[in-house]
Amino acid sequence: MQASFSPLIGVMKFESEPLSFDSWNRLAWLVIDWLQDAGGFAMLGLCIWLLTSYLNPIYDVLPNGKKRNRLIKPIMVLGAAVAACIYLIALGAVYLSGGDNPTTPRIVVLEQSYTRWGVVLEFALAAGGLAAIVGFGGPFLHDCLKMRWRRIYALALLSFKEAVRRRVVWVFLAILILYLFPARWFFQEKPEDEIKSIVGVTTRGMNVLLISVGMLLAAFSIPTDIKNLTIHTIVTKPVERFEIVLGRFFGYLGLVTAALLLMTGFGLVLINAGNVSSEAADESMKARVALYGRMQFGKIVNRQLVSMEEFKGVDVGREDVYRKYIAGHPSSPHRAIWSFPSVPKRFEQMDSVPLEFAFDIYRTTKGEEGTGVQVTFEVATHAWDPTKRIDDPLNPGALISMQDAYDRDAKGLTNVTPESPNWPKVNALAERYGRYVYQNWQIFDYHTSRISVPGGIFKNSAAAPAETKPSMPGSKSLTRGVQVRVKCETPSQFVGVARYDLYFVESEGNFSLNYFKGAFGVWFRLVIALAIAITFSTYFAGVVSFLIAMGLFILGFFLDFIREFSSGLNIGGGPLESLARLIKNSNATADLDATPTVKALQMFDGVSRWVWRRITTVIPDVDRYGLTDYVAQGFSIGPEFLLMNLVTLMAYVLPWLVAAYYLMKAREIAA
Amino acid sequence: MPATAVAEQPRTQHSTGSEFIVETRNLTKTYKDFWGRKKKTALNALDLQIKKGEIFGLLGPNGSGKTTTIKLLLGLLFPTNGEATVFGKPAADVRKNERIGYLPEESYLYRFLNAEETLDFYGRLFDMSREKREKRAAELIELVGLQQDRKRTLREYSKGMRQRIGLAQALINDPDFVILDEPTSGLDPMGTIWMKGLIRQLRDDGKTVLMCSHRLDDVQDVCDRIAILYNGDLQELGDVDKLVEDAERIEVRATNLRLTPELKNDLSDVIARHGGTMESFGHPTTTLEDLFKKVVEESKARPGRRYLPPT
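Those protein sequence lines, which keep their order, are chains A and B. Per numbering that gives the first Met the number 0, the very first residue in the first sequence carries number 0; after that it's consecutive. Per numbering that gives the first Met the number 0, the very first residue in the second sequence carries number 0; after that it's consecutive.
One chain only, chain A, in its complex shape (with noise of 0.2 Å):
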């Protein structure tokens, strides 16, 4: 899950799909992904293993007297060559795909679409991965079978005991100083932003602090133990030698984990016991556990909802484009569409539900002063339709529209909280037709805000038979559960908004739980930060470790835009097409003159754009695992969320580790 943060705005802020259990085409692309990238890495290790194991061989005597390179082992040779054929099968289909163009026959595999060749190609590109994975990896798993934890326990505490008696630990006291000194001492921000501040400070503060000072430590752990000699008391034991990375590794990363925890609770102590401002605390002290729904756009006409496809949002010329906008007007026909196919079975049996917003508003007229934009809700099931002809109950015998019946006998129900003892009648009111209004709510620019939707809207929803055909306009797959869709009333502004702006609350949690929970983010990164500092110090000096790790990790939060460049998506092409245009003073949009010059320059460009998209593979993904926003913003951390990113971390540090394993391996401790 990727997502940014910014003190400005109040809800949480999605550029991708969160990964989930559900999306399990996803989830098999993922997996395809992972074996093409780490296949490729492993193919090219057990090319550079296999050649320097053939020019520098250790060899074994067996008792038949011949002699066996140590070295190389049966499914490192097999596995390199069934790799090696199918990526051939792999070429041939680049090769063959290379005639492919827009009219070529596509087929839908995994929910994407392919041409046939493009199919063969990434399904060739997995299974040769998994071949050269299966080769690499296998001596791997073999030597992790003769691991013992006692040994990998020892050299950890020996680690941790290391740490804490060279006095590291008093560093993580420099903590102290951001706890010391209130946030709102610093930032002039609203009442309400006071603990996302506390809390995105803090956590940017550990976060430097536990990882540069565990990099630090793993970096040189390793390299100091070879050059103090100390490791040759150990590789002279039985010790299997990743037995000593795993030991470092699990050894400091025990050690920040008890630091974080003590932070964590500290930071925890001190926002409840901290004069924090009563709306930072409506605002943020919660964890809400949110449920979202699909978001469309759509446009009214003759009462009907319609153009779902065509109409994507207003584009009102913002460089972020993560919000497209709807127009204001009482008679505008646009509308912001927020499905919701399934609903908790309990919102059936609650008086009201929350539903809760936060949007972005873009003004074309400045408005008058302190007031917001007005903004309607209108909550339906798939039984609510409006031209729909049934029996006027008042007049038996004849007919009436749903609309006009909803209008008659919503009179003087507008508007009315579960506080009003009208709320029954509107609770009844929106079970029968399967719809609920709220007018002109006054929203302001990312402030979340709240209104009660009565719980008969689920009843009526929950009556629809299972087999019912999807008779909500604008939704294919809406059978059942309801939708939300939105309105700007006043003229001439704009209201933008995203899918994760709009959720219906299904419960509350715990805030200090959900503060835990978002520590978990920082431990991700410290996994991260610890694996790759320990692997690049079982070959390289200390210093050297320390900062190729360091400037891995930093390259991680700029991903993005590395791969937005890798890609070809940024504008002005590679370096030396940017470096070419600052040369000759040209726009960064212009097309360049297709001279041999800029065609050569383009082509070198087209190269690291090739390399950067294999590093790009390497760089840690950190932002992923930003969890702190989800604390800031009051919204819980779901176990299936933590879950998942723990498999995408083991994902991520497992090829670190084999390459570790290898490196250790080869290396002459005492050379």
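Because the hints were derived from the structure by calculation, they are not lab data. All C-beta atoms in this analysis are idealised placements derived from N, C-alpha and C, irrespective of residue type, glycine included. Any given hint might turn out to be false.
[Said to hold, decoys possible] Some but not every residue of chain A turned toward chain B, in silico, with C-beta under 10 Å: (1) L156; (2) K160; (3) T235; (4) R388; (5) E667.
Dock chain B against the given chain A, drawing on the hints supplied.
Then chain B, alone, in the frame of chain A:
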């Protein structure tokens, strides 16, 4: 008084069989630079066998290949050519380390740990249970005489004390094969005597010992067999007694006699009658080590100043 000829028993009697603990064939180590160019051949085609139950010494000047040989046997270095096996397993196989104890030249231990923690740590590396580790650590701390200092961190230890705890860690697994690199380094004369006694005791317990040292007297005192390396090549290999035996000369020792000119003349005549020549006649000298040991033991028994300057 009859003169008594003293003939020491052959030392190799302690070897308990012909089983080889270590075998090297054509073992070669060439150091190369980053680009793979040859820098130095540290060890050249070494063929060596170390028998079970013997004390084997590796001798040679600095850079002769002694430590390289040990590192190759321990898997700290990989051979450029040839093979080395320990207990029949390749030197690179870590499983062989289950039965090996290694004392490096310097005691490369973690100085922030105390003696007990050090032994506990190395015990864990042998996957020993807690009870076994505690029992073994107590035994070894007593063996190396560090009971009073077992709670002090190693950074507070003297070099000799670190060498003792280093030896204790080498013996934590009760190894069958002990490799000692300069075992008497940093030890005072009494410590050296103690160490040599311990090495002999290890042999008497059926263990095999490989040691290398610059102190030739130490090697001569304890080793059954030695190999002399020079510039990476094996120059000499065999039993210490046979190698140091001077077949050209005969030594006779006797007690209860006084040095008189008559005795000297008589002995000279006997030697001349058998075709030999007397080279020296007088009291044999003891070793400095024996003198030191005697002085220290007497000083312990009777504290106080012993030496009086001549008046």
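Against the structure, the hints:
Interface hint at L156 of chain A: satisfied, since its Cβ lies 8 Å from the closest Cβ of chain B, which is below the 10 Å cut-off. Annotation: K160 of chain A was flagged as interfacial toward chain B, and the flag holds, the nearest CB pair being 7 Å apart, inside 10 Å. The closest approach between the C-beta of T235 of chain A and any C-beta of chain B is roughly 4 Å, which is under the 10 Å cut-off, so the hint is satisfied. A least Cβ separation of about 83 Å between R388 of chain A and chain B goes past the 10 Å threshold, and the interface hint is therefore violated.
A hinted interface residue such as E667 of chain A counts as satisfied when its beta carbon comes closer than 10 Å to some beta carbon of chain B; here the least separation is about 5 Å, so the hint holds.
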